[in-house]
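S.K.: Residue numbers (the UniProt record's numbering), protein chains in the order written: chain U, 1 to 287; chain P, 1 to 287; chain H, 1 to 287; chain B, 1 to 287; chain E, 1 to 287; chain W, 1 to 287.
Everything hinted at is true.
Derived BS3-like pairs: lysine-lysine, alpha-carbon spacing no greater than 30 Å straight-line:
no., chain 1, residue 1, chain 2, residue 2
1, P, Lys-154, U, Lys-153
2, W, Lys-153, B, Lys-154
3, E, Lys-182, W, Lys-253
4, P, Lys-59, P, Lys-231
5, H, Lys-59, B, Lys-182
6, W, Lys-182, E, Lys-182
Source of the hints: derived by calculation from the structure; they are not laboratory data.
Number of protein chains: 6
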Amino acid sequence: MTSMSGAGAIAAQTDHLADHLADHLAEFRIASEPYYRPVGQEVELFDAAYQARMPIMLKGPTGCGKTRFVEHMAWRLGRPLITVSCHEDMTASDLVGRYLLDAEGTVWHDGPLTLAVRLGAICYLDEIVEARQDTTVVIHSLTDDRRILPLEKKNEVLPAHPDFQVVISYNPGYQSVLKDLKESTKQRFGAIAFSYPEPAIEAEIVAREAGIERGTADMLVRIAQRSRNLKGHGLDEGASTRMLINAGLLIAKGIAPAQACQVAMVLPITDDPELRDALTAAIAACL
Amino acid sequence: MTSMSGAGAIAAQTDHLADHLADHLAEFRIASEPYYRPVGQEVELFDAAYQARMPIMLKGPTGCGKTRFVEHMAWRLGRPLITVSCHEDMTASDLVGRYLLDAEGTVWHDGPLTLAVRLGAICYLDEIVEARQDTTVVIHSLTDDRRILPLEKKNEVLPAHPDFQVVISYNPGYQSVLKDLKESTKQRFGAIAFSYPEPAIEAEIVAREAGIERGTADMLVRIAQRSRNLKGHGLDEGASTRMLINAGLLIAKGIAPAQACQVAMVLPITDDPELRDALTAAIAACL
Amino acid sequence: MTSMSGAGAIAAQTDHLADHLADHLAEFRIASEPYYRPVGQEVELFDAAYQARMPIMLKGPTGCGKTRFVEHMAWRLGRPLITVSCHEDMTASDLVGRYLLDAEGTVWHDGPLTLAVRLGAICYLDEIVEARQDTTVVIHSLTDDRRILPLEKKNEVLPAHPDFQVVISYNPGYQSVLKDLKESTKQRFGAIAFSYPEPAIEAEIVAREAGIERGTADMLVRIAQRSRNLKGHGLDEGASTRMLINAGLLIAKGIAPAQACQVAMVLPITDDPELRDALTAAIAACL
Amino acid sequence: MTSMSGAGAIAAQTDHLADHLADHLAEFRIASEPYYRPVGQEVELFDAAYQARMPIMLKGPTGCGKTRFVEHMAWRLGRPLITVSCHEDMTASDLVGRYLLDAEGTVWHDGPLTLAVRLGAICYLDEIVEARQDTTVVIHSLTDDRRILPLEKKNEVLPAHPDFQVVISYNPGYQSVLKDLKESTKQRFGAIAFSYPEPAIEAEIVAREAGIERGTADMLVRIAQRSRNLKGHGLDEGASTRMLINAGLLIAKGIAPAQACQVAMVLPITDDPELRDALTAAIAACL
Amino acid sequence: MTSMSGAGAIAAQTDHLADHLADHLAEFRIASEPYYRPVGQEVELFDAAYQARMPIMLKGPTGCGKTRFVEHMAWRLGRPLITVSCHEDMTASDLVGRYLLDAEGTVWHDGPLTLAVRLGAICYLDEIVEARQDTTVVIHSLTDDRRILPLEKKNEVLPAHPDFQVVISYNPGYQSVLKDLKESTKQRFGAIAFSYPEPAIEAEIVAREAGIERGTADMLVRIAQRSRNLKGHGLDEGASTRMLINAGLLIAKGIAPAQACQVAMVLPITDDPELRDALTAAIAACL
Amino acid sequence: MTSMSGAGAIAAQTDHLADHLADHLAEFRIASEPYYRPVGQEVELFDAAYQARMPIMLKGPTGCGKTRFVEHMAWRLGRPLITVSCHEDMTASDLVGRYLLDAEGTVWHDGPLTLAVRLGAICYLDEIVEARQDTTVVIHSLTDDRRILPLEKKNEVLPAHPDFQVVISYNPGYQSVLKDLKESTKQRFGAIAFSYPEPAIEAEIVAREAGIERGTADMLVRIAQRSRNLKGHGLDEGASTRMLINAGLLIAKGIAPAQACQVAMVLPITDDPELRDALTAAIAACL
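Kindly produce the complete structure, drawing on both the sequences and the hints.
M.R.: If you want it as structure tokens, here you go:
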């Protein structure tokens with residue numbers, strides 16, 4: 001293994017590593033400003049938290065813009081962004097790294113979290129509550145004042161780059177009671193709450209992203225509000241901003257609004273005939 | 001690993017990769033028009049969604065033609081089609097790829113999703129709800145405006161080919177409550193609903209596919225309708241269009257219609273003597 | 001991997017593969033006619049289904065001759081037969097194949113299903129309902145008009161040999177409610193129902209297979225009928241034709257009939273003293 | 001892999017294999033007659049079953065001599081004996097074999113069942129009901145008239161040596177309802193029932209095996225009978241013949257009978273103070 | 001493997017190992033005094049326990065300073081500290097070590113526990129109750145007078161360095177009944193109980209760590225006390241000292257106190273609107 | 001693999017193996033007499049059982065001296081001792097051995113049980129009931145008169161060294177009903193029961209091991225007796241002898257007795273305030 005090589009080899013490797021990291025920095029840096037329409041003080045709060053390198057939790061329903069927000073903040077702060085979509089089969093090694101077999105034997109291979117720790121990136125763990133608890137535990141020593149990542153399989157302790165920050169997202173709407181973050185994880189984070197934007201702002205976003213007229217966007221937002229009122233009455237979640245944009249995109253391609261709303265806002269979220277009728281009526285009432 | 005090779009080696013590899021992808025394009029392209037008889041506006045809707053590269057969910061019972069439809073659309077749009085039959089033991093690596101051991105060490109091996117992302121293919125994930133949630137999560141960054149596939153094991157971010165699209169199928173009839181798509185997955189998709197075709201159209205399809213006369217096909221459709229009325233009264237699903245074609249194929253080989261219907265439309269779907277009698281009586285009534 | 005070799009190497013490999021397949025054809029071909037005594041139209045039905053290359057499901061209790069029937073049909077149709085005994089730990093890779101490590105790196109190794117697809121064999125999946133659902137899903141694209149097997153780990157799509165057919169067996173007697181085929185699997189198959197033969201035919205079979213006189217065989221069949229009447233009254237299944245043959249074999253080696261019946265028809269299927277007494281009395285009454 | 005070598009190499013290998021198997025034959029052959037005291041017609045029944053190569057199931061409580069019996073029969077029939085203690089983590093590969101990595105790549109390594117099939121040994125699967133069902137399924141094609149073992153990972157079909165036989169043991173006393181053999185497995189076997197020997201015979205066995213006087217052995221048997229009467233009244237099983245021999249061995253080393261019985265017949269099977277008192281009283285009454 | 005090498009090779013390796021361990025000693029040694037404000041006799045108790053090399057269990061709620069305390073003690077005692085965050089997917093091998101594949105074959109790789117045993121470090125197993133029981137069992141022979149670590153995969157018995165000590169943490173507040181340490185583990189440890197510091201001490205800590213004025217820190221402590229009173233009334237835990245520091249850090253970056261408390265002390269720990277209102281009112285009352 | 005090498009190579013290897021085993025003998029032999037204070041006839045019983053090579057089960061609560069006893073007996077009998085702490089993730093391979101990859105391919109690596117079988121050691125399986133049942137089954141053929149260990153992965157049958165013996169420990173106090181030894185395992189063992197020593201003996205042990213005065217030890221034993229009376233009234237187990245020694249060690253380092261008892265005898269075993277008060281009162285009453 002490389003850690004047993006002589007000093008010359010290590011020096012050569014370090015240079016190589018620096019090149020390698022520089023390549024990655026370019027790959028994960030966000031080239032142009034991602035459109036984000038602030039709806040409250042979220043930009044200022046995130047900025048203050050980042051200055052203190054405090055880990056941040058973004059709470060809110062699906063499709064309301066959390067991912068776009070973190071992309072926007074990474075661009076604004078000039079940091080590379082490494083995003084990991086968490087899932088229940090993700091292991092700690094998927095985050096931290098593992099040894100892979102190469103022609104010269106096993107070679108350590110950084111996981112995305114380790115790469116972010118080295119690069120000083122913002123590491124965004126999307127829907128972290130879906131991951132097994134070992135994933136959560138892995139970030140503990142990075143989210144207190146130690147700011148270290150033990151690479152246990154290498155018997156190394158990696159200090160975080162001064163610019164490194166952890167951001168996680170969390171949808172309080174649909175976690176089961178069985179799946180939740182541990183108290184000792186939650187207490188490490190500052191939290192910023194998100195919800196769907198105010199109607200006027202949401203219509204502005206939909207019109208811009210789908211390339212449709214403002215009036216059509218206003219209509220889609222009115223339908224969304226009726227859909228969101230059905231949450232808890234058979235619907236797990238109402239229509240998200242993302243779904244409005246999907247409906248808008250179909251309208252922009254020439255599909256009639258009623259059908260576009262069926263395809264983008266009704267059929268994806270319910271199989272129940274009564275709910276489908278209720279949503280269809282809501283659409284008809286807004287057209 | 002290749003990412004550590006010098007520039008010359010990378011150039012050579014890129015050429016090789018281009019050849020390799022061209023080979024695959026030919027393999028996954030659909031050579032001749034697959035027969036598909038439209039039953040509504042599904043062709044126009046799919047076409048509009050594809051122009052917006054919107055991910056599409058095909059909803060409907062088994063054997064009603066969803067797979068044939070996506071083959072037809074791939075042919076019509078001139079895109080290669082990569083189909084993956086999902087199942088509960090499928091992992092994210094089965095979709096994305098993995099390192100395999102070669103004579104020169106480990107070599108990255110694209111999974112079918114990654115290949116589709118590179119080729120600009122339509123990637124059809126059949127019965128995605130059967131897969132574990134990590135499969136679903138893997139497509140998240142491909143089904144929003146990011147259109148990227150993080151190859152976490154390679155620490156690479158692969159941008160999707162401009163022609164790439166994700167299509168999934170979903171049978172609302174028999175999912176258990178425990179197995180469903182996550183809200184954050186569903187909301188990314190436009191959905192098109194399928195059901196069995198109208199009788200006249202279904203008979204047209206059966207006659208053509210089984211090579212039988214229209215009158216015999218009409219009779220098989222009448223039996224199917226009676227079978228479908230038993231859904232929920234002991235049958236999980238009634239006879240599908242596919243089963244009618246199977247019965248027709250046996251008739252075309254000289255098996256008596258009553259026996260052909262037993263073999264193709266009764267015995268495969270029930271072990272219950274009473275249901276079997278009810279179905280047999282329905283067949284007798286239609287002969 | 002072979003898919004990256006030059007054209008000359010591929011040509012050489014193809015020749016080698018052809019030799020290799022020819023070897024397998026010989027190994028899986030059934031040399032002499034397996035004895036099978038038809039009890040209905042099963043031979044004609046199977047023949048018609050095979051002409052249409054329709055996948056076939058053989059339904060019936062254990063030990064009634066399903067395996068022998070498929071051997072007989074493979075011989076009659078002149079096709080090699082590849083049989084797989086399914087079980088709950090069988091994975092899709094067990095059927096399709098996997099990469100194995102060789103001196104020159106990893107080499108793809110066909111599973112029995114893939115081999116059958118290449119050879120144009122009949123692939124018989126015995127007790128498929130025992131397998132995990134990924135096994136079932138693997139045969140989906142082989143059991144509709146696509147007739148292809150995606151080798152996902154190789155990113156290859158293997159078209160089935162024109163003579164290839166899938167046959168599965170299914171015992172409706174003892175599946176739990178939790179373990180059943182999916183609707184989308186069942187609907188692909190034509191089904192042929194089996195049960196124990198009529199007494200005269202069964203005695204003919206037992207006499208022939210065990211090498212005993214017809215009178216003794218008649219007596220064993222009478223005992224079996226009494227045993228089968230106890231099904232559901234403490235017995236999961238009554239004595240099968242196979243058990244009668246076992247009793248006959250012991251009688252042919254000089255064991256007294258009463259003891260032979262104990263060893264072959266009572267002790268293997270029950271530990272319950274009352275049932276054992278009931279069966280013993282049934283035996284005594286028939287001797 | 002060897003199956004791809006030229007003809008000369010195969011010939012050499014076959015010679016090597018023959019030598020190798022001859023070595024194994026010696027290793028698994030039973031050198032001297034194992035002491036076994038018949039208690040019924042079990043020797044004759046096993047002999048007749050073996051002549052028909054019928055698979056045999058030995059049923060009975062733990063420690064009553066099933067293992068010794070099969071050793072005795074293997075010696076008597078002049079066959080090597082390969083014993084496998086089954087357990088719930090045993091896989092089909094543990095029985096059949098697997099590829100192992102060698103200096104020249106992967107080499108197939110026979111499992112004990114495959115070795116027995118090649119050698120013509122008696123393969124004794126002890127407590128098979130403990131194994132997962134894939135173990136059971138693996139023996140199906142060896143326990144009907146096919147007498148073949150498909151080595152699926154090698155795509156080979158291995159015909160059984162003419163002398164090969166399968167023997168399994170089964171303790172009906174303590175299987176849970178969840179763990180049982182499948183009907184399709186049970187029906188393949190002839191069964192021989194075992195229980196503890198008659199008192200005089202059991203005392204003869206204990207005296208011989210422990211090296212104690214007959215009078216002491218008689219006393220131990222009387223204690224055992226009282227212990228066996230407590231079965232179902234708090235004890236899962238009474239004292240087995242094996243436990244009597246253990247008590248005898250301690251007595252032969254100078255331990256007082258009361259204490260020897262505590263150590264060998266009371267403390268190992270109960271932690272319950274009342275049962276311990278009951279057993280202690282039973283011992284005292286017999287001394 | 002190295003254990004089969006000649007004497008010369010072993011001598012060379014031992015030198016190499018000594019160098020290697022010296023490197024690690026430096027890496028795990030704590031360079032400067034970590035700030036710790038004692039709240040009772042915990043320093044003296046830990047010191048006495050360490051003199052007897054008695055294993056120590058630190059009990060108390062999350063975020064009250066257990067990790068900082070052990071860092072402080074390691075610095076005070078001049079011992080390197082190896083910290084392991086335990087989780088439910090951690091295996092014994094993750095602690096002890098494993099063989100990894102190198103260019104020259106497999107090489108043994110010490111896990112963090114083994115490294116601590118060799119170095120004479122304090123090994124701190126954080127939240128050990130989260131680990132599977134095999135982790136716990138692994139420390140048994142290190143936490144009684146044997147003070148050995150069997151490296152079973154190497155067939156070696158490693159005696160602990162005279163300075164080695166095991167420390168574990170344990171949060172009695174939120175273990176489920178299903179997850180607890182075994183009695184035979186608990187009884188090996190001396191235990192020191194932690195809770196949140198007295199208000200004056202806690203404010204001193206918060207002011208120092210967040211860089212805010214004492215008055216603001218006093219206010220945050222008053223809010224924390226109200227939050228802690230809600231424990232058991234909907235909150236799993238009240239606000240920890242760590243959360244107060246987080247709030248302080250945001251205030252120091254210019255965020256208004258009310259909003260800083262929302263971000264750091266309310267939103268991370270509850271999604272319940274009523275609790276959120278109660279906490280918000282508590283904050284307002286203290287401002 | 002070595003079993004395929006020529007005769008010369010085997011001879012060389014055997015010499016090497018003999019050297020290797022001799023090394024291990026030294027490593028596992030107990031150098032000086034471990035202090036053990038007999039409390040009954042356990043030494044004589046173990047001695048007699050060992051003369052008959054009867055497997056022995058040591059039953060009793062945690063921390064009462066079972067491990068020390070087996071160390072003492074191994075020293076007294078002059079046998080090496082190989083101890084394995086069993087746990088629920090331990091597999092049969094962990095005990096028996098496995099193939100590891102070396103520079104020359106795979107090399108067999110003895111597990112601790114196999115090593116003990118070769119060396120003629122006493123193999124002590126601590127808390128065997130924690131292990132999965134495959135561990136238990138593995139010792140079956142070693143704990144009856146066969147005294148063989150089948151190395152199934154090597155197709156070898158290893159006869160036990162004449163001095164080999166199996167010892168297991170078992171704590172009847174806290175096994176769940178789900179986890180118990182199988183009857184067929186229990187009946188192979190002679191059992192010796194342990195409990196805490198009589199007060200005078202226990203005080204003698206505590207004084208000696210902790211290096212404190214007899215009076216202080218007497219006081220600790222009186223506290224322990226009160227603690228043990230609380231077993232079943234909220235405590236799973238009372239204070240063990242080991243805990244008394246821990247309290248003594250702290251007292252010897254200058255900690256006040258009341259506090260030493262809190263640290264060593266109260267806090268490690270209960271989180272319940274009422275029980276803590278009861279134990280504290282018991283301590284105060286004895287001081």
